[in-house]
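Asks: Sequence:
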Amino acid sequence: MKRINIAIDGYSGCGKSTLAKNLASDLGYVFIDTGAMYRGITHYCLTKGVDISNQTAISKIIEDGPNLIFESKSNNLLLNGDDIEKEIRNNRSIASSVSQVASVPSVREYLKQLQLKYIVDKGVVMEGRDIGTVIMPDAELKIFITATLDERVSRRLKQLKGQGEEVSEGYVRTNLIERDRADASRDAAPLRKAKDAIAIDTTTFSKKEQLEVVKALLRPITNAQEFLPFIQ
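Just so we're on the same page, this note's numbering is the position in the sequence shown counted from 1, plus 48.
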């Protein structure tokens, strides 16, 4: 099969990271989690004591060049040589601050240049919020993942509790709503469905079903009629 680049976008908690990771594994592709990169920059700013409401201060510290490397084989993020995967996944301060940091144009440009290096060769599954519109506008397949807010809250609660986090449903719901607003309203690369992206509502899908829908779309001559009711 011809190797292509696949862009997967969507709001937080829709399951795009799990889908992208599983798809890349099945295809033997490189998986890139751009959300981890934004959490990595947020972690860097917080550990440096930067006021995340101060875009000028954030831009200044980005100029110092934090060295981010996403290890596609292990799916871990390295910052200046240190593995920070656990920190960026289990830190509430990072979760509540990442949207502010991600809205800074210099941060987006810095990470855009990093992300573009990964897509020079075909065979990449990249997920995020501006992949199909900004990073890979020429991707051969673009997917936009959706799910109801209730389902997203349920998934995120399960994920966090599985990581040992004790959080309330109200906290998770509020956090998702605030991130949705921030992602959709920021001036720099707001979250949008690319015009040629295929929207898939995963609310009632298992992880396996999500994967099969996308794999069906990849087949040059597909027999995917059974999936059509779920593809918008």
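Don't read these hints as lab results, they were simulated from the structure.
Fair warning: there could be bad hints in the mix.
With a cut-off of at most 30 Å between alpha-carbon atoms, the simulated DSBU-like pairs for lysine-lysine come out as follows [what the hints assert, rightly or not]:
(1) LYS255 x LYS96
(2) LYS108 x LYS96
(3) LYS263 x LYS69
(4) LYS134 x LYS243
(5) LYS209 x LYS108
(6) LYS50 x LYS206
(7) LYS69 x LYS108
(8) LYS96 x LYS170
(9) LYS206 x LYS170
(10) LYS108 x LYS165
(11) LYS165 x LYS50
(12) LYS50 x LYS134
(13) LYS69 x LYS160
(14) LYS255 x LYS209
(15) LYS255 x LYS170
(16) LYS170 x LYS243
(17) LYS69 x LYS170
(18) LYS69 x LYS165
(19) LYS69 x LYS50
(20) LYS50 x LYS209
(21) LYS50 x LYS263
(22) LYS170 x LYS108
(23) LYS243 x LYS255
(24) LYS160 x LYS50
(25) LYS96 x LYS50
(26) LYS50 x LYS108
(27) LYS96 x LYS241
(28) LYS256 x LYS243
(29) LYS134 x LYS209
(30) LYS170 x LYS241
(31) LYS160 x LYS170
(32) LYS263 x LYS108
(33) LYS206 x LYS69
(34) LYS160 x LYS96
(35) LYS241 x LYS263
(36) LYS69 x LYS256
(37) LYS206 x LYS165
Asks: State for each hint whether it applies.
Replies: Hint check:
1. For the given pair, LYS255 sits about 38 Å from LYS96 by alpha-carbon distance, which is inconsistent with the 30 Å threshold.
2. Only pairs whose Cα atoms come within 30 Å are accepted, and LYS108 paired with LYS96 is accepted, the gap being roughly 12 Å.
3. For the hint linking LYS263 to LYS69, the alpha-carbon distance of about 13 Å falls within 30 Å, and the restraint holds.
4. The straight-line distance between the Cα atoms of LYS134 and LYS243 is roughly 35 Å, outside the 30 Å bound, and the hint therefore fails.
5. At most 30 Å may separate the alpha-carbon atoms for a hinted pair to count; LYS209 and LYS108 exceed this at roughly 36 Å.
6. Distance hint between LYS50 and LYS206 is unfulfilled; the C-alpha atoms sit about 37 Å from each other, more than 30 Å.
7. Distance hint between LYS69 and LYS108 is unfulfilled; the C-alpha atoms sit about 33 Å from each other, more than 30 Å.
8. For a cut-off of 30 Å, the pair hint linking LYS96 to LYS170 is broken: about 36 Å separates their Cα positions.
9. A C-alpha spacing of about 34 Å is found between LYS206 and LYS170, which places the hinted pair above 30 Å, so the restraint is violated.
10. For the suggested pair LYS108 and LYS165, the alpha carbons sit about 23 Å apart, so the restraint of at most 30 Å is met.
11. Our distance criterion of 30 Å between C-alpha atoms is met by LYS165 and LYS50, whose separation comes to about 20 Å.
12. As the CA atoms of LYS50 and LYS134 are separated by approximately 35 Å, the hinted pair breaks the 30 Å bound.
13. A distance of roughly 20 Å separates the Cα atoms of LYS69 and LYS160; the hinted pair therefore holds under the 30 Å criterion.
14. For the hint linking LYS255 to LYS209, the alpha-carbon distance of about 18 Å falls within 30 Å, and the restraint holds.
15. In summary, the hint linking LYS255 to LYS170 is supported, as the alpha carbons are separated by about 25 Å, within the 30 Å threshold.
16. Taking the CA atoms of LYS170 and LYS243, the gap is about 22 Å. The hint holds against a cut of 30 Å.
17. Proposed proximity of LYS69 and LYS170 is supported: the alpha carbons are some 16 Å apart, at most 30 Å.
18. Restraint check for LYS69 and LYS165: satisfied, since their Cα atoms lie roughly 19 Å apart, inside the 30 Å limit.
19. Note on LYS69 and LYS50: the hinted pairing holds, with a Cα-Cα distance of about 19 Å set against a maximum of 30 Å.
20. Distance restraint check for LYS50 and LYS209: the Cα-Cα separation of roughly 40 Å exceeds the 30 Å cut-off, and the hinted pair is therefore not satisfied.
21. Taking the CA atoms of LYS50 and LYS263, the gap is near 14 Å; set against the 30 Å cutoff, the hint holds.
22. For the hint pairing LYS170 with LYS108, the CA-to-CA distance comes to about 34 Å; that exceeds 30 Å, so the pair is violated.
23. For the hint pairing LYS243 with LYS255, the CA-to-CA distance comes to about 25 Å; that is within 30 Å, so the pair holds.
24. Annotation: proposed proximity of LYS160 to LYS50 holds, straight-line Cα distance about 26 Å (limit 30 Å).
25. Distance hint between LYS96 and LYS50 is unfulfilled; the C-alpha atoms sit about 44 Å from each other, more than 30 Å.
26. The hinted pair formed by LYS50 and LYS108 fails the criterion: a straight-line CA distance of about 42 Å is larger than 30 Å.
27. For a cut-off of 30 Å, the pair hint linking LYS96 to LYS241 is broken: about 34 Å separates their Cα positions.
28. Taking the CA atoms of LYS256 and LYS243, the gap is near 26 Å; set against the 30 Å cutoff, the hint holds.
29. In summary, the hint linking LYS134 to LYS209 is supported, as the alpha carbons are separated by about 14 Å, within the 30 Å threshold.
30. Simply put, LYS170 and LYS241 have alpha-carbon atoms about 22 Å apart, close enough for the 30 Å limit, and the pair holds.
31. At roughly 17 Å between alpha-carbon atoms, LYS160 and LYS170 fall within 30 Å of each other, so this suggested pair holds.
32. Taking the CA atoms of LYS263 and LYS108, the gap is near 43 Å; set against the 30 Å cutoff, the hint is violated.
33. Between LYS206 and LYS69 the alpha-carbon distance is near 18 Å, which keeps this suggested pair within the 30 Å criterion.
34. Only pairs whose Cα atoms come within 30 Å are accepted, and LYS160 paired with LYS96 is accepted, the gap being roughly 22 Å.
35. Note on LYS241 and LYS263: the hinted pairing holds, with a Cα-Cα distance of about 20 Å set against a maximum of 30 Å.
36. For the hint pairing LYS69 with LYS256, the CA-to-CA distance comes to about 12 Å; that is within 30 Å, so the pair holds.
37. As the CA atoms of LYS206 and LYS165 are separated by approximately 34 Å, the hinted pair breaks the 30 Å bound.
Taken one by one, the earlier hints fail for this structure at numbers 1, 4, 5, 6, 7, 8, 9, 12, 20, 22, 25, 26, 27, 32 and 37, listed in ascending order.
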